[in-house]
Amino acid sequence: MRLDKYLSDATAFSRREIRGLVKRRAITVNGCAAAGADMKVDEKQDTICVNNQTVLYRKFIYLMLNKPQGYLSATEDDRDPVVVELVPEELKHFAVFPVGRLDKDTEGLLLLTNDGQFDHELMSPRKNLYKRYYA
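If you number the sequence shown the way our numbering does, the last residue is 200 and the count never jumps.
In case anyone wonders, no lab produced these hints; they're calculated from the structure. Note that CB positions come from ideal geometry on N, CA and C, so glycine has one too. Hints should not be assumed to be uniformly reliable.
[As the list claims (entries may be wrong)] In silico DMTMM-like cross-links for lysine to aspartate or glutamate, where the CA-CA straight-line distance does not exceed 20 Å:
no. : residue 1 : residue 2
1   : Lys-124   : Asp-143
2   : Lys-169   : Asp-180
3   : Lys-169   : Glu-108
4   : Lys-169   : Glu-141
5   : Lys-192   : Glu-172
6   : Lys-157   : Asp-170
7   : Lys-157   : Asp-103
8   : Lys-124   : Asp-103
9   : Lys-124   : Asp-142
10  : Lys-70    : Glu-108
11  : Lys-124   : Asp-180
12  : Lys-157   : Glu-186
[Stated by the list, open to error] Beta-carbon label-pair distances, calculated as ranges:
no. : residue 1 : residue 2 : range
13  : Asp-168   : Gly-101   : 48 to 56 Å
14  : Asn-193   : Met-104   : 32 to 40 Å
15  : Tyr-195   : Asp-168   : 38 to 46 Å
16  : Met-188   : Asp-142   : 50 to 58 Å
17  : Ala-100   : Tyr-199   : 20 to 28 Å
18  : Val-147   : Asn-116   : 27 to 35 Å
19  : Lys-169   : Gln-110   : 41 to 49 Å
20  : Asp-170   : Ala-98    : 49 to 57 Å
21  : Asp-170   : Tyr-127   : 38 to 46 Å
22  : Met-188   : Gln-118   : 15 to 23 Å
23  : Arg-90    : Gln-182   : 15 to 23 Å
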């Protein structure tokens, strides 16, 4: 995988910002300054640091949220607040979405992810996954 792809997936840095960090020698791969944003890295074996902070590669994330009343189980809405607004700033670049739905006036556990296959496995009617709701 290219270094810029690794870092753009794992951090909030854009590829343009990553090229600038490489030029400033702020990115290291296995303790050595990165040769270029296009250099190949192994997400399982290489240690990548930005400004001396180790960056762990995560393609998918899974979050549990205790959804409060008044929020919609959606990614955007013009009138009401949505659950993705509750995601911490450092995780917003993962562009998570809710798995399933809870009504606006309902509170409780809601999963958020950026893994479409995971969402499909849980929500597809063909999977016959048992769910229990208390209202």
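Tested hints:
{"no.": "1", "hint": "Lys-124 / Asp-143", "verdict": "violated (29 Å)"}
{"no.": "2", "hint": "Lys-169 / Asp-180", "verdict": "violated (24 Å)"}
{"no.": "3", "hint": "Lys-169 / Glu-108", "verdict": "violated (40 Å)"}
{"no.": "4", "hint": "Lys-169 / Glu-141", "verdict": "holds (13 Å)"}
{"no.": "5", "hint": "Lys-192 / Glu-172", "verdict": "violated (25 Å)"}
{"no.": "6", "hint": "Lys-157 / Asp-170", "verdict": "violated (24 Å)"}
{"no.": "7", "hint": "Lys-157 / Asp-103", "verdict": "violated (25 Å)"}
{"no.": "8", "hint": "Lys-124 / Asp-103", "verdict": "holds (19 Å)"}
{"no.": "9", "hint": "Lys-124 / Asp-142", "verdict": "violated (26 Å)"}
{"no.": "10", "hint": "Lys-70 / Glu-108", "verdict": "holds (11 Å)"}
{"no.": "11", "hint": "Lys-124 / Asp-180", "verdict": "holds (9 Å)"}
{"no.": "12", "hint": "Lys-157 / Glu-186", "verdict": "violated (23 Å)"}
{"no.": "13", "hint": "Asp-168 / Gly-101: 48 to 56 Å", "verdict": "holds (50 Å)"}
{"no.": "14", "hint": "Asn-193 / Met-104: 32 to 40 Å", "verdict": "violated (46 Å)"}
{"no.": "15", "hint": "Tyr-195 / Asp-168: 38 to 46 Å", "verdict": "violated (20 Å)"}
{"no.": "16", "hint": "Met-188 / Asp-142: 50 to 58 Å", "verdict": "violated (20 Å)"}
{"no.": "17", "hint": "Ala-100 / Tyr-199: 20 to 28 Å", "verdict": "violated (56 Å)"}
{"no.": "18", "hint": "Val-147 / Asn-116: 27 to 35 Å", "verdict": "holds (32 Å)"}
{"no.": "19", "hint": "Lys-169 / Gln-110: 41 to 49 Å", "verdict": "holds (46 Å)"}
{"no.": "20", "hint": "Asp-170 / Ala-98: 49 to 57 Å", "verdict": "holds (54 Å)"}
{"no.": "21", "hint": "Asp-170 / Tyr-127: 38 to 46 Å", "verdict": "violated (26 Å)"}
{"no.": "22", "hint": "Met-188 / Gln-118: 15 to 23 Å", "verdict": "violated (36 Å)"}
{"no.": "23", "hint": "Arg-90 / Gln-182: 15 to 23 Å", "verdict": "violated (38 Å)"}
Consistency with the previously given hints fails for numbers 1, 2, 3, 5, 6, 7, 9, 12, 14, 15, 16, 17, 21, 22 and 23, ordered from lowest to highest.
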